[in-house]
Amino acid sequence: EVQLLESGGGLVQPGGSLRLSCAASGFTFSSYAMNWVRQAPGKGLEWVSVISESGGVTAYADSVKGRFAISRDNSKNTLYLQISSLSAGDTAIYYCAKVRLRGDRACDIWGQGTMVTVYS
Amino acid sequence: DIQMTQSPSSVSASVGDRVTITCRASQGISSSLAWYQQKSGKAPKLLIYAASSLQSGVPSRFSGSGSGTDFTLTISSLQPEDFATYYCQQANSFPLTFGGGTKVEIK
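Going down the list, the sequences are from chains A and B. 1 is the number of the first residue of the first sequence in this note's numbering; add one for each residue after it. 121 is the number of the first residue of the second sequence in this note's numbering; add one for each residue after it.
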């Protein structure tokens, strides 16, 4: 079964950091670009970051550029998102999502999400 | 950045109704558009990619159309399991952007 499982979310104070993980199974992880998408409580979806199949190319939303870092370990079938300098506006469910095909930007598989709460 | 505008933001409909949701891009995106369904407390689910291609396993009552800047998601006969929020997403360029969502509610 194709599956993505996020972990690493939690409660963090403003200015703090967390590392989110996304474990992939059921498909050839190294063949697909991967995204992080977040959703603030009661709000819509916001794309956060993307990483290419090999990890050599990354891109970020302006709202997180310079504070978040996406990476992947293809030997461990795992995607990461290091999030730092957090503020209340970063409170959200963070989803990892697999692109449907190489070169496509629609996401066909999503994890269940991990909640990040920034509180003071 | 490409802005995606969805309408309506909510719609009340009955089982069996035909429901149409529209999405407009702030600039042309060819057919690079996806539609997702999200149920409360769940992750989004891909319904349509490339504006009109049905994702595997998605019922045929869902259909998508459009190109350029104007797109439509149609549910031909609303079923109880279709009550959810629907999002469009442009897949033309980064940053990827989503519409604000359309909540389909029970009338």
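Do not take every clue at face value.
[What the hints assert, rightly or not] Here are the computed distance ranges between Cβ atoms for each label pair: (1) B:Ser160 - A:Pro14: 37 to 43 Å; (2) B:Lys162 - A:Gly8: 15 to 21 Å; (3) A:Gly8 - B:Leu174: 31 to 37 Å; (4) B:Gln147 - A:Arg102: 20 to 26 Å; (5) A:Gln82 - B:Lys223: 39 to 45 Å.
Please keep in mind that the hints were generated in silico from the structure rather than gathered at the bench. The structure presented is a predicted model; accordingly, all values stated were derived computationally and were not measured. Note that CB positions come from ideal geometry on N, CA and C, so glycine has one too.
Checked hints:
no.	hint	result
1	B:Ser160 - A:Pro14: 37 to 43 Å	violated (29 Å)
2	B:Lys162 - A:Gly8: 15 to 21 Å	holds (20 Å)
3	A:Gly8 - B:Leu174: 31 to 37 Å	holds (34 Å)
4	B:Gln147 - A:Arg102: 20 to 26 Å	holds (25 Å)
5	A:Gln82 - B:Lys223: 39 to 45 Å	violated (33 Å)
Comparing the model with each numbered hint stated earlier shows that hints 1, 5 do not hold.
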